[in-house]
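Model the placement of chain G on the given structure of chain A, informed by the hints.
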Amino acid sequence: MTDPDDAVARRLDANAAAGPLAELFTVDLTVAMATCAGCGNTAPLAAHPLYAHAPALVIRCPKCAAVVLRYASGGGRLRLDLRGARLLTVTLDGAAAHGLSPVQ
Amino acid sequence: MAGTAIRRRLSWQRADVLAVQREARRAYRLSLRPPDWSGHLPGQHVDVRLTAEGGYTAQRSYSIASAPQQPGIELIVERLEDGEVSPYLTEVLRAGDLLELRGPFGGYFVWPAGDGPVQLIAGGSGVVPFLSMLGHHRATGGLRQVRLLYSARTFDDLIGQAELARQPSTVEVTVTLTRGAPAGWTGLTGRVDARLLAEHTIPPAQEPEVLACGPTGFVEAVANALLELGHDPIRIKTERFGATGGP
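Chain order of the listed sequences is A and G.
With the working numbering, letter number 81 in the first sequence gets 81, and the count goes up by one each step, no holes.
In the working numbering, each number is its position in the second sequence, counted from 1, plus 104.
Chain A extracted, bound-state conformation (with noise of 0.2 Å):
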């Protein structure tokens, strides 16, 4: 186990999982409003603790800390883990797809 310091050292916000889950999906699911499985809690993805350092991205409930996806990509293969996410609400108003017009 890691100490305590150093696991807050490690947190990140799930907004930085963009890229990666843009492999697998074609809208920017860290816009997504995601609802824990454990506890109910709704918040949007992208402000989910997100632990990037294990083997698998790992992204926990920002309440009750328990595992809502882990998401993982190597050896020729994708694996997404969404035991822990009861609910993600996608909302379609172009800001959650890439495909969205950039500001130019």
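Note that these hints are calculated values from the structure, not bench results.
Ideal Cβ placement from N, Cα and C applies to all residues, glycine included.
Don't take every hint at face value.
Among chain G residues calculated to face chain A with C-beta under 7 Å, some are [as the list claims (entries may be wrong)]: (1) G210; (2) Y212; (3) R242.
So the derived list for chain A, only partly shown, Cβ under 8 Å to chain G, looks like this [claimed, not checked]: (4) R10; (5) V31; (6) M33; (7) A46; (8) A47.
Same frame as chain A, now just chain G:
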């Protein structure tokens, strides 16, 4: 076509490195020209990948520092002594090299829509996405009120000094130095806490959109202090990028 856009953003591409310039004591500004770039939103990031001879790869996310109105993109990379990627980007990479990247990514931590006030709070190199946002605000002649509270270790650690000095009248920049100030320094000193936030940021009564970016410990302390002050969590967005030498 959306499908084309998706494939382009997912593909790794080799960007031309136009310049690598020292930005602050431990930070370097990389000017890049990706061959296939359709623009970005202020606050978005790219993934950068380094591949060793044996095929081992290391990947990191870096916020884009430049405004979308500017050609190409600029990244500002802070050198971490025990880092796997940043020492290469800051000490080995040279103009004329190629750098593998993909993006832009991230639709959450971006310049908020609307006309309401915006409060930006940065620790250390957490100021980088805000440079893009402020550049965008300036380029579009935005009229909304914007304040930036920027915490850095020392004067020599300040990133974006030149840009921050030439802001329009709608933007107010407040800098605090946490590890000593040079003679004649008239700005703030000390860490960002509830008292400093209360005195130098837009009050919760004005319902600003608040964006905080920096090392994990900094951002979590700031977010807690903002809640104490009465800001609605719905209007607070954070971007924790892990450990660094600290703000």
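Outcome of the hint check:
Interface hint status for G210 of chain G: upheld, as the beta-carbon distance to the closest one in chain A is roughly 4 Å, under 7 Å. Nearest Cβ of chain A to the Cβ of Y212 of chain G: about 3 Å, under the 7 Å cut. The hint holds. The restraint placing R242 of chain G at the interface with chain A is violated, with a minimum CB-CB distance near 13 Å, outside the 7 Å limit. Interface hint status for R10 of chain A: upheld, as the beta-carbon distance to the closest one in chain G is roughly 6 Å, under 8 Å.
For V31 of chain A, the interface hint holds, since its Cβ comes within 8 Å of a Cβ in chain G; the closest pair sits about 5 Å apart. With a least beta-carbon distance of about 11 Å to chain G, the hint placing M33 of chain A at the interface is violated under the 8 Å criterion. The interface hint given for A46 of chain A holds, since its Cβ lies 3 Å from the closest Cβ of chain G, which is under the 8 Å cut-off. This hint holds: A47 of chain A has a C-beta 7 Å from the nearest C-beta of chain G, less than the 8 Å allowed.
Checked against the numbered hints given earlier, this structure breaks hints 3 and 6; the rest are met.
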